[in-house]
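Can you build the whole structure from these sequences, using the hints too?
First residue of the sequence shown: 1, per UniProt numbering; consecutive thereafter.
Hints were generated in silico from the structure; no laboratory data involved.
Idealized CB from N, CA, C, for every residue including glycine.
Errors might be hidden in some of the hints.
Claimed, not checked - Quick list of in silico lysine-lysine cross-link-like pairs, DSS-like style, CA-CA up to 27 angstroms:
no. : residue 1 : residue 2
1   : 155       : 108
2   : 155       : 136
3   : 155       : 144
4   : 149       : 108
5   : 149       : 136
6   : 108       : 144
7   : 136       : 108
To be verified - Ranges of calculated distance between the beta carbons of each label pair, as one might list FRET restraints:
no. : residue 1 : residue 2 : range
8   : 141       : 187       : 21 to 27 angstroms
9   : 126       : 158       : 26 to 32 angstroms
10  : 142       : 97        : 32 to 38 angstroms
11  : 99        : 122       : 19 to 25 angstroms
12  : 109       : 152       : 17 to 23 angstroms
13  : 192       : 107       : 25 to 31 angstroms
14  : 122       : 184       : 17 to 23 angstroms
15  : 100       : 195       : 42 to 48 angstroms
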Amino acid sequence: MEANMLGAFVLGFSCDKPGNAAVSSRQVDQEEGDSDFDADTDVDANDEDYDTEEEIQRVLQRQREQETEASKHVRLGSEADRLVGDAPDDASAIPLDLPDLPAFFTGKTFLLYGDFPEDERRALTRYIVGHDGDLKEDLDETVKFVITKSDWNDKFDEALCANETLVFLRPRWVTRCHEAGRSVPYQPFVVACPE
Numbered sequence: 001m002e003a004n005m006l007g008a009f010v011l012g013f014s015c016d017k018p019g020n021a022a023v024s025s026r027q028v029d030q031e032e033g034d035s036d037f038d039a040d041t042d043v044d045a046n047d048e049d050y051d052t053e054e055e056i057q058r059v060l061q062r063q064r065e066q067e068t069e070a071s072k073h074v075r076l077g078s079e080a081d082r083l084v085g086d087a088p089d090d091a092s093a094i095p096l097d098l099p100d101l102p103a104f105f106t107g108k109t110f111l112l113y114g115d116f117p118e119d120e121r122r123a124l125t126r127y128i129v130g131h132d133g134d135l136k137e138d139l140d141e142t143v144k145f146v147i148t149k150s151d152w153n154d155k156f157d158e159a160l161c162a163n164e165t166l167v168f169l170r171p172r173w174v175t176r177c178h179e180a181g182r183s184v185p186y187q188p189f190v191v192a193c194p195e
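This is how it looks when you write it as structure tokens:
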């Protein structure tokens with residue numbers, strides 16, 4: 001008997017007393033007025049405000065108008081407007097016809113050592129990578145040029161013991177190469193080793 005009452009409850013029916021007929025929970029709600037919303041929720045097919053076909057047509061028409069407007073904008077754009085990014089306030093807009101930079105750092109591997117102001121570090125990184133140099137985060141056997149603002153110290157001696165081909169240079173050398181558009185001799189920019 002308990003199993004039957006449990007099954008009836010799970011199926012949405014409640015039994016008031018054993019032996020009484022089961023009453024649906026929907027009927028109980030309606031009789032007791034417990035419904036959250038008593039109004040009819042069915043959509044009337046004759047309702048003038050609700051026409052699915054007309055609404056679909058309006059949406060499609062708006063999409064067509066937007067596509068037409070976008071294609072006009074593309075055709076009317078001048079040569080001066082050839083930028084990546086369509087937004088007028090796009091701060092990262094880059095001209096598509098950038099000139100090729102001379103690749104005078106090809107085959108050269110760099111390391112920026114020590115503290116640099118953020119803008120100087122960014123400029124040095126741009127110059128090295130832009131002129132086809134390889135910039136490493138850590139000192140390894142492939143690094144040839146260490147760019148630093150530091151004076152000579154014991155760490156430089158240790159690095160030279162591990163890699164005798166290292167050259168410690170001032171950041172001005174990278175900047176001078178960029179300004180000249182070619183590789184300039186690095187000897188005037190070498191960090192001096194005290195005797």
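Which hint numbers does the structure go against, in order from smallest to largest?
none
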